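**Student:** Given chain A, work out where chain B should sit, using these hints.
Letter by letter, the chains look like this.
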Amino acid sequence: MTVESTAARTPRRSAGNKAGTTGTKRTTSTTKKATGARKSAEPALVQLLTPEGKRVKNAEFDKYVADITAEDLRGLYRDMVLTRRFDAEATSLQRQGELGLWASLLGQEAAQIGSGRALRDDDYVFPTYREHGVAWCRGVDPTNLLGMFRGVNNGGWDPNGNNFHLYTIVIGSQTLHATGYAMGITKDGADSAVIAYFGDGASSQGDVAEAFTFSAVYNAPVVFFCQNNQWAISEPTEKQSRVPLYQRAQGFGFPGVRVDGNDVLANLAVTKWALERARAGEGPTLVEAFTYRMGAHTTSDDPTRYRHDDERAAWEAKDPILRLRRHLESAHHADEGFFADLEAESEALGRRVREAVRAMPDPDHFAIFENVYADGHALVDEERAQFAAYQASFADEDGGK
Amino acid sequence: MAGTVTSKNMALAKAVNESLRRALETDPKVLVMGEDVGKLGGVFRVTDGLQKDFGESRVIDTPLAESGIVGTAIGLALRGYRPVVEIQFDGFVFPAYDQIVTQLAKMHARSLGKVKLPVVVRIPYGGGIGAVEHHSESPESLFAHVAGLKIVSPSNASDAYWMMQQAIQSDDPVIFFEPKRRYWDKSEVDTEAIPGPLHTARVVRDGTDLTLAAYGPMVKLCQEVADAAAEEGRSLEVLDLRSVSPIDFDSIQASVERTRRLVVVHEAPVFFGSGAEIAARITERCFYHLEAPVLRVGGYHAPYPPARLEESYLPDLDRVLDAVDRSLAY
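Those protein sequence lines, which keep their order, are chains A and B. For the first sequence, the working numbering begins at 34 and goes up steadily by one. For the second sequence, the working numbering begins at 43 and goes up steadily by one.
With the rest of the complex left out, here is chain A:
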């Protein structure tokens, strides 16, 4: 038996007896052996699919995916493949100069698709800037995500169109917006829930701690979904915390659970569980999806300066897409035709995204002055007029061109 973390282990009422949840007395072995390459002192995590694609039983969470069909599994696989293809296309587009920057989600497909597919339409998502897979699940057109990375807008999609808020770049801020939105759901007497995405780096932000506090005090129906991808640009999680991140929840009085972030089924199950808690009035939950950022932080980053290839190689063996493919194949849930069709669909998506980005026009200069205020502002009007006069002065010099 390995030694548990340094955090307190008193069982908590709210945490119930779920394996791997905060403060629960863990009984070792079955879930523990799946934790992978990191130190043996790492705590248990919820896993339903092994890296080899073998379905393992979990007494607590199996019921949340009990009714899943082969078609559902193929759907999850398709989501992950298309998300990865979109992501790769965006990275290429950045390299071609079509985008100024791209933040790749490579390696985090299972965490995003699993949690994203656990949501109902009336639930609300507050993403970081890397939730391309969740956006896909919400039905946000992938090309809409690229405007801000191309530099033609700072977001621009209608958050209420798909209940998917704008990407938030300042780290952790959106967890408070999610909490406030969830407080509003409670006031409305609705049974919707909110999910707030953030990362291991954000877990150090004061806003995240305040979001935990507010959500706990007001028992807000919010799921805090932390993708611990091990790296906050160049800083490993050890630079953010001396306890496993999911255990942070304990001090705030709500349960936290660590899930194998590369297991789409486990992410689906655990997120459904957390959402059900929210809907049932049981308040917030922290989910730590233990995953890995396979690529750079963004296209401007150079991970060779701070991490070794062998770490990446260890995680490649736990690839989220590969493991579901192995499962689909061994369970005879998908045939060659399915994979071939998906390959063709992927290429078509890549082509569509490429063409859409290249055709994306620069905004009109006057967009600078648009939507600064909802009810207008005298100074903005004045400066817009000055800008117009300045622009017009060139036309005069050019003989009225």
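In short, the hints are calculated from the structure, not lab data. No experiment lies behind these values; they were computed from the predicted model shown. From the three backbone atoms N, C-alpha and C, an ideal C-beta is built for every residue, glycine too. Treat the hints with care, as some may be off.
[Said to hold, decoys possible] EDC-like mimics (lysine to aspartate or glutamate), calculated; alpha carbons at most 20 Å apart, straight line:
no. : chain 1 : residue 1 : chain 2 : residue 2
1   : B       : 148       : A       : 191
2   : B       : 262       : B       : 230
3   : B       : 71        : A       : 369
4   : B       : 262       : B       : 364
5   : B       : 148       : A       : 416
6   : B       : 156       : A       : 155
7   : A       : 220       : B       : 95
8   : B       : 148       : A       : 362
9   : A       : 220       : B       : 364
10  : B       : 156       : A       : 224
11  : B       : 71        : A       : 221
12  : A       : 220       : B       : 98
13  : A       : 305       : A       : 191
14  : B       : 156       : B       : 175
15  : B       : 156       : A       : 174
16  : B       : 148       : A       : 224
17  : B       : 148       : B       : 175
18  : B       : 156       : A       : 403
[Stated by the list, open to error] A partial selection of chain A residues facing chain B, derived with a Cβ cut-off under 10 Å:
no. : residue
19  : 409
20  : 414
21  : 418
22  : 420
23  : 422
[As the list claims (entries may be wrong)] Label pairs and their calculated CB-CB ranges:
no. : chain 1 : residue 1 : chain 2 : residue 2 : range
24  : A       : 399       : B       : 326       : 20 to 28 Å
25  : B       : 292       : A       : 184       : 34 to 42 Å
26  : B       : 300       : A       : 193       : 46 to 54 Å
**Tutor:** Coordinates of chain B only, in the frame set by chain A:
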């Protein structure tokens, strides 16, 4: 109707209270949030009695975390609510500065107009009450510099009442600076009046020799200055700006074109203060009308001093009169 009295004499703090009460009564989406705003009624009693009458779900005692207050207010606004949040004192707003500047101010533009954030941030501000450190500051310029925010500050009870109504009805975020040293000053409030636009200045005293422009706590001082100057045979016009973003430059210009001299007075430090912006723009607009450079009276480029020194730091009658003299000497 003859004899009908719709106006009441009330203190500025009570006027804000009555205005919040009216908003809570008329719009079920209005919420009041902040530290100690519930049972206590706020440290200045501005929210006195509101939780008792509207319940804990609408008048919300929050955890002691300013970023959390503004951040959750943003989320509530996204859900369709109209939160009025209280920051307990001026010097405590900075933990929320990131949420205000980075999120609250920009979200309407980021969403290309699809999201509106009708959030009012109330901040009791300014000195003159002998308070301890961080309880007497005037940070309005730190917000006026940020596009997406609107900044107002009433100088009297009637404006406090009506400007709060208008701020709550605004679809833009409004930072509402309440002059805490004037909280107990009483004046008539007509709750049936039809108020003028929120972001317009008002001439509170006509004059011909020089314009004094101020807002919030300094308007009363400027009226006293005008009284004193009148005894010396000088006619000063006093302009209550009421709004710091936007600033009603048209009204200032109109006044300066008559008086040809301008002194701007605020408690905030002069350096990069709102007076600097007013001086620059009025110089542009009124260059050939001005008989003297625009002068400013305000705080110094030093941390707000301990209470025993604040009278030397804050603009007072003599310092403003000194500036008036200097302007008239040109």
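**Student:** For this structure, which hints from the list above don't hold up?
**Tutor:** Per hint list: 3, 8, 9, 10, 13, 14, 16, 17, 21, 22 and 23 violated.
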